[in-house]
Amino acid sequence: MRCLRICPTQALRARNGKALLLKDRCIDCGECVRVCPNHAFIPQTNSFSDFSKFKHTIALPSPVFYSQFGRDVRPAAILNALKTVGFDDVYDVACASESVSIAIQEYLDSDESPRPVISPFCPTIVRLVQVRYPNLLDNLIPIDSPMELAAREAKRLAMHERGLRELEIGAIYLTPCPSKMTALQHPPRKKHSFLDGMIPISQVYPLVMRALAHAAGEDGRPDVRGLGLGWPILGGQVASLKAEERIAIAGLTDVMRVFDEIENGKLKDIQYIECHSCPTGCVGGSLTVENPYIARGRVLRLVEKYGSEPCQDRQKVRELYHKNFFSLLGTIPPSPVQPLDDDISRAIHKMHRRNQIYEMLPKIDCGACGAPTCMTFAADVVKGDAETDECVFVTMKTLEAKSKNLLDTIEKQSKKLRINPGRHDHEASASR
Amino acid sequence: MDTGETFSDSFTIQGRNFLDAGQVSTEIKSELKDLGIDPAVIRRVAIATYEAEMNVVMYADQARLTLRVTSQAIRVTVDDRGPGIPDIGLAMQEGYSTATHEMREMGFGAGMGLPNIKKNADDFRITSTVGRGTTLEIRIDIN
Numbered sequence: 001m002r003c004l005r006i007c008p009t010q011a012l013r014a015r016n017g018k019a020l021l022l023k024d025r026c027i028d029c030g031e032c033v034r035v036c037p038n039h040a041f042i043p044q045t046n047s048f049s050d051f052s053k054f055k056h057t058i059a060l061p062s063p064v065f066y067s068q069f070g071r072d073v074r075p076a077a078i079l080n081a082l083k084t085v086g087f088d089d090v091y092d093v094a095c096a097s098e099s100v101s102i103a104i105q106e107y108l109d110s111d112e113s114p115r116p117v118i119s120p121f122c123p124t125i126v127r128l129v130q131v132r133y134p135n136l137l138d139n140l141i142p143i144d145s146p147m148e149l150a151a152r153e154a155k156r157l158a159m160h161e162r163g164l165r166e167l168e169i170g171a172i173y174l175t176p177c178p179s180k181m182t183a184l185q186h187p188p189r190k191k192h193s194f195l196d197g198m199i200p201i202s203q204v205y206p207l208v209m210r211a212l213a214h215a216a217g218e219d220g221r222p223d224v225r226g227l228g229l230g231w232p233i234l235g236g237q238v239a240s241l242k243a244e245e246r247i248a249i250a251g252l253t254d255v256m257r258v259f260d261e262i263e264n265g266k267l268k269d270i271q272y273i274e275c276h277s278c279p280t281g282c283v284g285g286s287l288t289v290e291n292p293y294i295a296r297g298r299v300l301r302l303v304e305k306y307g308s309e310p311c312q313d314r315q316k317v318r319e320l321y322h323k324n325f326f327s328l329l330g331t332i333p334p335s336p337v338q339p340l341d342d343d344i345s346r347a348i349h350k351m352h353r354r355n356q357i358y359e360m361l362p363k364i365d366c367g368a369c370g371a372p373t374c375m376t377f378a379a380d381v382v383k384g385d386a387e388t389d390e391c392v393f394v395t396m397k398t399l400e401a402k403s404k405n406l407l408d409t410i411e412k413q414s415k416k417l418r419i420n421p422g423r424h425d426h427e428a429s430a431s432r
Numbered sequence: 001m002d003t004g005e006t007f008s009d010s011f012t013i014q015g016r017n018f019l020d021a022g023q024v025s026t027e028i029k030s031e032l033k034d035l036g037i038d039p040a041v042i043r044r045v046a047i048a049t050y051e052a053e054m055n056v057v058m059y060a061d062q063a064r065l066t067l068r069v070t071s072q073a074i075r076v077t078v079d080d081r082g083p084g085i086p087d088i089g090l091a092m093q094e095g096y097s098t099a100t101h102e103m104r105e106m107g108f109g110a111g112m113g114l115p116n117i118k119k120n121a122d123d124f125r126i127t128s129t130v131g132r133g134t135t136l137e138i139r140i141d142i143n
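Residue numbers (my numbering), protein chains in the order written: chain A, 1 to 432; chain B, 1 to 143.
Just chain A, same shape as in the assembly (with noise of 0.2 Å):
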């Protein structure tokens, strides 16, 4: 039952004792892995044994990898015992993470496309204006995600210095959240992902923590730089811009607070808004081991020791959006809620129906009948998908009801038949 008041878009019903996930409603937020006391969720991930079709195999952790270790564990030993648990090779996102940085600062400086600016790289926020905010599906920046850019980047790498095809290649990422998993499947603005699959970093996490204890150790790998380091945790982001007004948000409430104000007309000053789903970032994704408040603390030092050397020439960079490298140049569709019906006049219809089965409902939002709340169970009759009977409280009524029938019936009944039951009755059989 925790489950059903945790969705921010009451997209689960309980039925005959399992959970029915409503599909048009779901936006991949995650909360429902997170609560369930008996796992009933699992997030569409991969294994290992999916990748052994490759020749060559990268692994891409998010950035919130690098958090989730000891306080004195540096990055690049983290990527040097990767390659010792099972992949090929490995490839640092936080740098692709600078990049998008200095692409968004070319889009706010140079785009005239309306204000405020969203940020897409958190799935469940697409999937979030998709469902609910249409109108704001023109506020999301047309750019590639980091892990997507690292993917293109690391397989080119591959290909170029090993001569190997590009389907030979596996370019998996180390995801903190299954919502990632969405974008993969359905990238926004594009056909195919860069990317080929991905493990939760929880199932990473064992393997890499004992490869750390057995480090021969440095291989000379440079150490992990740049601004990219802070993307993990919230307001990671709007610290590597400069864009004059510019915000961070988390949760889903508020974001969908922030999210009505922009469609009333609001805001229009900022010009960047930096969204996340988890209230911490993604560090505080359902796949994370470590607590993200420590997370964020780890993430905070890093960036102060390596944070403020650079790992891309930002001159470049800027040159590469104006080639369109980062662009992406389709349009994430609607993916609205269905309606009451299709047709206003019958939605009208069902609509006074549903405030009226609403009415006979007790308004406590008890979860007993399988809906989060009254009003979704009453548009669920309305919808044909429950009966009213489902309600505790409305059969209690009924019952009641009838019982009341029944006990009226009964006195009737034995005042006709000059009876009363449990009296000694001499005048009864007096009149007959």
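Bear in mind the hints are in silico, worked out from the structure with no lab data behind them. Cβ coordinates follow ideal geometry from the N, Cα and C atoms, glycine included. It is possible that some hints are incorrect.
A partial selection of chain B residues facing chain A, derived with a Cβ cut-off under 8 Å [claimed, not checked]: (1) Thr6; (2) Phe7; (3) Leu19; (4) Gly22; (5) Ser25; (6) Thr26; (7) Glu27; (8) Leu35; (9) Arg43; (10) Ile47; (11) Tyr50; (12) Val69; (13) Ser71; (14) Ala73; (15) Pro115; (16) Asn116.
Given chain A, put chain B in place with the hints provided.
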């Protein structure tokens, strides 16, 4: 198929209540989404009702907002009790605002409220009595 059905709902907007300001237009958006109204139409209704709601919060004592939806159009009536508008022509001018200093500090007072409503509506009527209140009638067609 037009069966002549109307969906209607009404809301109370409390003057000076900046805490809840904007909630009525958000609730209306939600109802229109359930009805399957086109998002571009919903956006115009959202902006118009938000501006009307903010005007009530900023200047009036209280208002009743009535929403009526048919398969042809969405009608919003905002009937308030408040100081009224002495010169409607002036109030409709872009940039003209009677916002107080505090309100401007909060980001209001651009003077675009009523003009924005007119811009987003297919029909917009405004009547007012000084010392009594103001009534707005907004119609946005569904196509």
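Evaluated hints:
1. Proximity of B:Thr6 to chain A holds as hinted, the smallest CB-CB distance being about 7 Å (cut-off 8 Å).
2. Given the 8 Å rule on beta carbons, the hint for B:Phe7 holds: about 4 Å separates it from the nearest Cβ of chain A.
3. Interface hint status for B:Leu19: violated, as the beta-carbon distance to the closest one in chain A is roughly 13 Å, over 8 Å.
4. For B:Gly22, the suggested interface contact is upheld, since its CB lies about 6 Å from the closest CB of chain A, less than 8 Å.
5. Nearest Cβ of chain A to the Cβ of B:Ser25: about 6 Å, under the 8 Å cut. The hint holds.
6. Taking 8 Å as the C-beta cut-off, the interface hint given for B:Thr26 holds, the closest approach to chain A being about 5 Å.
7. Contact between B:Glu27 and chain A, as hinted, is not supported at the beta carbon level, the nearest pair being about 10 Å apart and thus beyond 8 Å.
8. Checking B:Leu35 against chain A: minimum C-beta separation of about 5 Å stays under 8 Å; hint holds.
9. Contact between B:Arg43 and chain A, as hinted, is supported at the beta carbon level, the nearest pair being about 5 Å apart and thus within 8 Å.
10. The closest approach between the C-beta of B:Ile47 and any C-beta of chain A is roughly 5 Å, which is under the 8 Å cut-off, so the hint is satisfied.
11. Interface restraint check for B:Tyr50: the shortest CB-CB distance to chain A comes to about 4 Å, inside 8 Å, so the restraint holds.
12. Below 8 Å, beta-carbon pairs count as interface contacts, and B:Val69 has one with chain A at about 6 Å; its hint therefore holds.
13. Interface hint status for B:Ser71: upheld, as the beta-carbon distance to the closest one in chain A is roughly 4 Å, under 8 Å.
14. Given hint, B:Ala73 at the interface with chain A, is violated; its Cβ is 10 Å from that chain's nearest Cβ, farther than 8 Å.
15. Given hint, B:Pro115 at the interface with chain A, is violated; its Cβ is 12 Å from that chain's nearest Cβ, farther than 8 Å.
16. Residue-level restraint check for B:Asn116 holds (minimum Cβ-Cβ distance to chain A is 7 Å; threshold 8 Å).
The structure fails to meet hints 3, 7, 14 and 15 from the earlier list, while all remaining hints are met.
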